[in-house]
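Number of protein chains: 2
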Amino acid sequence: MGIKIGILGLGTVGAGTVQLLLDNVGRHPLLKEVEICRVGVKSLDKPRTVELPVGIITTDLEAIVTDPQIDIIVELIGGIDRARELILKAIANGKHVVTANKAVISRFGAEIFTAANQAGVYVMLEAAVGGGIPVIQPLKQSLSVNRINTVMGIVNGTTNYILTRMQTEGSSFDDVLADAQQLGYAEADPTADVEGWDAADKIAILASLAFGGRINRDEVFSEGIRQVSKTDISYADKLGFVIKLLAIAKRCSPVSPSSTPTLSVRVHPTFVPKTHPLASINGVYNAILVEGEPLGQVMFFGPGAGAGATASAVSSDILNLVAHLKSRQNSDTNSHLDPLLACSHQDYCQIAPVSELEARFYARFLTRDQSGVIGKLGTCFGKYGVSLESVVQTGFQGELAEIVVVTHDVQEGKFKQALDEIRTFEAIHSIPSLLRVI
Amino acid sequence: MGIKIGILGLGTVGAGTVQLLLDNVGRHPLLKEVEICRVGVKSLDKPRTVELPVGIITTDLEAIVTDPQIDIIVELIGGIDRARELILKAIANGKHVVTANKAVISRFGAEIFTAANQAGVYVMLEAAVGGGIPVIQPLKQSLSVNRINTVMGIVNGTTNYILTRMQTEGSSFDDVLADAQQLGYAEADPTADVEGWDAADKIAILASLAFGGRINRDEVFSEGIRQVSKTDISYADKLGFVIKLLAIAKRCSPVSPSSTPTLSVRVHPTFVPKTHPLASINGVYNAILVEGEPLGQVMFFGPGAGAGATASAVSSDILNLVAHLKSRQNSDTNSHLDPLLACSHQDYCQIAPVSELEARFYARFLTRDQSGVIGKLGTCFGKYGVSLESVVQTGFQGELAEIVVVTHDVQEGKFKQALDEIRTFEAIHSIPSLLRVI
Chain A
3 MGIKIGILGL GTVGAGTVQL LLDNVGRHPL LKEVEICRVG VKSLDKPRTV
53 ELPVGIITTD LEAIVTDPQI DIIVELIGGI DRARELILKA IANGKHVVTA
103 NKAVISRFGA EIFTAANQAG VYVMLEAAVG GGIPVIQPLK QSLSVNRINT
153 VMGIVNGTTN YILTRMQTEG SSFDDVLADA QQLGYAEADP TADVEGWDAA
203 DKIAILASLA FGGRINRDEV FSEGIRQVSK TDISYADKLG FVIKLLAIAK
253 RCSPVSPSST PTLSVRVHPT FVPKTHPLAS INGVYNAILV EGEPLGQVMF
303 FGPGAGAGAT ASAVSSDILN LVAHLKSRQN SDTNSHLDPL LACSHQDYCQ
353 IAPVSELEAR FYARFLTRDQ SGVIGKLGTC FGKYGVSLES VVQTGFQGEL
403 AEIVVVTHDV QEGKFKQALD EIRTFEAIHS IPSLLRVI
Chain B
3 MGIKIGILGL GTVGAGTVQL LLDNVGRHPL LKEVEICRVG VKSLDKPRTV
53 ELPVGIITTD LEAIVTDPQI DIIVELIGGI DRARELILKA IANGKHVVTA
103 NKAVISRFGA EIFTAANQAG VYVMLEAAVG GGIPVIQPLK QSLSVNRINT
153 VMGIVNGTTN YILTRMQTEG SSFDDVLADA QQLGYAEADP TADVEGWDAA
203 DKIAILASLA FGGRINRDEV FSEGIRQVSK TDISYADKLG FVIKLLAIAK
253 RCSPVSPSST PTLSVRVHPT FVPKTHPLAS INGVYNAILV EGEPLGQVMF
303 FGPGAGAGAT ASAVSSDILN LVAHLKSRQN SDTNSHLDPL LACSHQDYCQ
353 IAPVSELEAR FYARFLTRDQ SGVIGKLGTC FGKYGVSLES VVQTGFQGEL
403 AEIVVVTHDV QEGKFKQALD EIRTFEAIHS IPSLLRVI
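Sequence order for the protein chains is A and B. Numbering follows this note's numbering, with no gaps: position 171 of the first sequence is 173. Numbering follows this note's numbering, with no gaps: position 362 of the second sequence is 364.
Treat the hints as calculated values from the structure; they're not laboratory data. Since no wrong hints were added, every one of them can be taken at face value.
The list treats identical chains as one, so a pair stands whether inside a single copy or across any two.
As a list, the in silico DSSO-like pairs of lysine-lysine whose alpha-carbon atoms are at most 27 Å apart:
{"#": "1", "residue 1": "Lys-378", "residue 2": "Lys-416"}
{"#": "2", "residue 1": "Lys-240", "residue 2": "Lys-276"}
{"#": "3", "residue 1": "Lys-6", "residue 2": "Lys-91"}
Input sequences plus hints: build the corresponding full structure.
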């Protein structure tokens, strides 16, 4: 029996999610169990990038969240009040919920999760923070055996894009913002990003998961990047720092069995030492760093936004729910293993022989200083179809000249054949190094 | 009812795991359900860093894996034949298994998982790859909605440590290896690390999860780092590369619904462009990069080995199994939500006011060029207990001198009080920038 889902919203993320679910070859086999039942939109007339059978798309969102045959509601309409209302109604109707809506979860999480626990349903939110980076599930599960001391990260792509360009180009905030808006990296009204509100929503969610308590969103301090000047970025550089908008949640009180921790939770532009792992996260990328005992530091890095990344996160939540629902369906029978934890591989993958692979190579030759050695190397490589990126005579070792070759992508077998021939050349003393280039 | 576990092996990782499980305050509440029943060791006489009640430690490992009251066996003895035998016997006795043993899983995974599926038990292996980095679970779950094209990484800390030191110090392989052995970063017999066999075990496991098929360990190509010379490292540097031992698994065939993919799976020293995310992973750290459609690239970074990191990974597998077993125990009642997916936070965290937090600050002052301004600033900050790391006059803006101050960790409230007083100084024109330093 398939698992029936209803999707609210068919914007960029909604369309990306539908596309992923409809084109499931090469993905986790459980996704084949997913059946898109209804998709709710504002207007039926808008042109769509995905094709859905007639009758699936509707403007009646209430009818979707109350439809008795639907198991999972995927909320992708964004905004606050209407989204909250639909999520709560879905829960009241016994649906599991997947949402990418950080604003609703950070403000109304307490209400929503209380309702979900009472109704015995899950509310999943992998896409709410860090786009496609799997960070919510690790925080809920793998990492939670640690005592987390710090979660911090670059969780807003727009501001990181602006700061990165200010830094590399020496431009001013206003100029880069205007350009980012034209390129679609910043919204027409960029306030929520630029003032740090979006990052504050996200760190509230991360802190709640990392520290095992609810977070009052109003208490999250946030300071935006409007005040960051190119002068400061240039001084930061001279002092050995870069300026990043960091979202930070830290434990301030010692670990105690009896009380919830006291935290510092804040978003602000920050001087980050250039050697810090977060310093090199540039452009629209996000990264989240978690520090805990006994683990130490781990960092997650990836695309923080975009249709594909967010669809990946939304679909991973759907997959988790499908696994849960399927293992429940099977619980009368013997086979009640959760298919996500059990091994389902029966067949062996084909491994291609290394000689057939294309790769780039670096080779170092020691040659007797004869005229025309480089030409002979080039001719021989050419004979075997090995295309060279560079051939450089780099110096001497005693009486031998050292020549370094870097190839383009070549078939390893042909490259090795060429080398075998080259080894026979009078001018070639030896080939001390042969390494692959990524 | 508690979940009873038996641990095989009380070396570094075993002791770290016991320590974590016994000291569970501030960690996931489910860990309180774990009861360490038996711990199997080779010798009872060896001094131990963890204290366990009398009667828990035994040298009879068979008795542990066949003990009818034990739910989960945690295999941490390492090695191949004996570990395989005990894992299979545990499975035959209906136990779930947690293991950190990449050598056994990469060679006998097919046999072990077939047995586990038949017996209806799980074999969990988060600690087998990447130490404390949560990468196995994301590959099994979140990321598997993608069509994975590439998994690659730095998965052996010893060789990365050696290559990093060769690069920063210009030393030779033999010298760094000898030193690494003395410091405990390389084993007395470093063959498995240095020849790339350990990395080959790990990429075989990652490839199997990423591409959904079994991998024949014998077909994994591996080339070690013995041949990497300091000359090559220096040429790499000049050409814009660093040399890393990469483990790489790539899809070579198009995605098809009917067949398992053809892959390239290999380990070799590799020229990595300095701008590549893996180029900056240094020392004993590990990092794994996954590229898939529609996600794009994500990277996981963290400590690849060590007692704490590995204990974190082992315990996260135990946690997953406990959640599974507890939700099964409760399945007669209404409350059958998986506690790892549901929200269990009832209480609000305390958020400390920003003014009470300690932080480092950067402030930029525009001052009227009067003698002694820096002295006045210093005196005023001192009055409020604000300790300065540096005060530098950096230049002029028109007639105004620009002074940049970076503080040590100071209480934000006191720093702001000092600034309020400084603003009243005749010599101070303005404070255009005030930013936090991490």
